[in-house]
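Given next are the chains, with one letter for each unit.
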Amino acid sequence: MDNFIKRIFSKEPSSADQAKDRLRLVLINDRTDLSSEAMESLKDDLLDVLSRYIKIDPKSVQIDITQEGRQQRLIADIPIAGPVSRKY
Amino acid sequence: MSAKVLTITSGKGGVGKTTATANIGAALAKRGQKVACIDADIGLRNLDVVMGLENRIVYDLVDAVEGRCRLNQAMIKDKYIPGLYLIPSAQTRDKTAVSPSDMIRLCNGLRSDLDWILIDSPAGIERGFKNAIAPADEVLVITNPEVSAVRDADRIIGIVEAEEKGSPRLLLNRLDPEMVKQNNMLSADDVVDLLAIHLLGIIPEDKAVLISTNKGTPIALDEKSLAGQAYRNIAQRLLGEDVPLLDLDKGSGFFKRISSVFGSGEKQHG
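Protein chains in written order, with our numbering: chain A, -6 to 81; chain B, 1090 to 1359.
Some clues are possibly wrong.
[To be verified] In the EDC-like style, the derived pairs of lysine to aspartate or glutamate whose C-alpha atoms are separated by at most 20 angstroms in a straight line are: (1) LYS13/A x ASP1152/B; (2) LYS13/A x ASP1265/B; (3) LYS1304/B x GLU1143/B; (4) LYS1313/B x ASP1282/B; (5) LYS1123/B x ASP1265/B; (6) LYS1119/B x ASP1204/B; (7) LYS1166/B x ASP1152/B; (8) LYS48/A x GLU61/A; (9) LYS1101/B x ASP23/A; (10) LYS1270/B x ASP23/A; (11) LYS13/A x ASP1282/B; (12) LYS1270/B x ASP10/A; (13) LYS13/A x GLU1235/B; (14) LYS13/A x ASP1278/B; (15) LYS1270/B x ASP14/A; (16) LYS1093/B x GLU1267/B.
Source of the hints: derived by calculation from the structure; they are not laboratory data.
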């Protein structure tokens, strides 16, 4: 009961939750051999290429690696703002 | 008979590979199976002391591989359980004394006379580990509910799958139900969720394990120990029986009942 009350009043997640969250990220990095910096530059490059063809708002783009069993997936959710205005 | 070769590995050292090998071997033999446990950690011999057979070694794994003895001369009979044997590792050689193909040849030479060959793998992902998984029909990965052990287990699972040994099954060792209940230890569900492989068994933290290891007797024969029960259940599952996992996670009524009956040292909170 003490623990229960302590958890309600403290903002810090339990140590088990911290362990799980930290491991989740570490395992994604280990399995893909992709550091978080490399992931950021992958996102930047991807947006660069996409914006040559379509208008996108970089702030609304979501690119993440998700886990399905032991399979890693790169999931990109990219709302299209409109066509790139071409000069004729 | 054609034995199934089961390799127990972990990545990280000290999570319980040797104890698990000795006890799964004991529990299988107790059920009438003929079992050889092979210590594949050359240069760091360990399985012999855990099984209490350190005074009976004449020939070892390297002697058998290099033809200085017949295979059955390297098999040491267990003191307690008929049908249980140990092939000890060499203490004065290193892991390069044996190759993966030597291990495959050795196991093929043993298969016809046994039901199970359990291989205790060394820690790490190098030659000794490669030797240990080369002859495996199935790999068991053992881990503790602890960040570094889980991370290394994930690495090992990746390598085992890349070697086309199929998806290994998981043993979760030294789970403390009380700490899980207080949210201070990863639960079995958490670990399975992270590693995404099938869970073969949970072995709870149990002081009786160290005490039995001190004496060189298997905890799997201790009817009063919960860890012993866990190993017996694992053996039954390996034999294809449908045995539910010990319900430990939530400090359930079952666990409290067991721990209070047998006084396994768990304090009850009021």
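Hints, one by one, checked against the model:
1. LYS13/A x ASP1152/B: Measuring from Cα to Cα gives roughly 45 angstroms; hence the hint is violated.
2. LYS13/A x ASP1265/B: holds (16 angstroms)
3. LYS1304/B x GLU1143/B: holds (12 angstroms)
4. LYS1313/B x ASP1282/B: violated (31 angstroms)
5. LYS1123/B x ASP1265/B: violated (32 angstroms)
6. LYS1119/B x ASP1204/B: holds (13 angstroms)
7. LYS1166/B x ASP1152/B: holds (17 angstroms)
8. LYS48/A x GLU61/A: violated (31 angstroms)
9. LYS1101/B x ASP23/A: holds (15 angstroms)
10. LYS1270/B x ASP23/A: violated (29 angstroms)
11. LYS13/A x ASP1282/B: This hinted pair holds, its Cα atoms lying about 9 angstroms apart.
12. LYS1270/B x ASP10/A: holds (12 angstroms)
13. LYS13/A x GLU1235/B: OK: LYS13/A and GLU1235/B at ~10 angstroms, within 20 angstroms.
14. LYS13/A x ASP1278/B: Given pair LYS13/A, ASP1278/B holds - Cα atoms ~11 angstroms apart, limit 20 angstroms.
15. LYS1270/B x ASP14/A: holds (18 angstroms)
16. LYS1093/B x GLU1267/B: With a Cα-Cα distance of about 36 angstroms, the restraint between LYS1093/B and GLU1267/B is violated, given a limit of 20 angstroms.
Hints 1, 4, 5, 8, 10, 16 from the list above are not met by this structure, while the remaining hints are.
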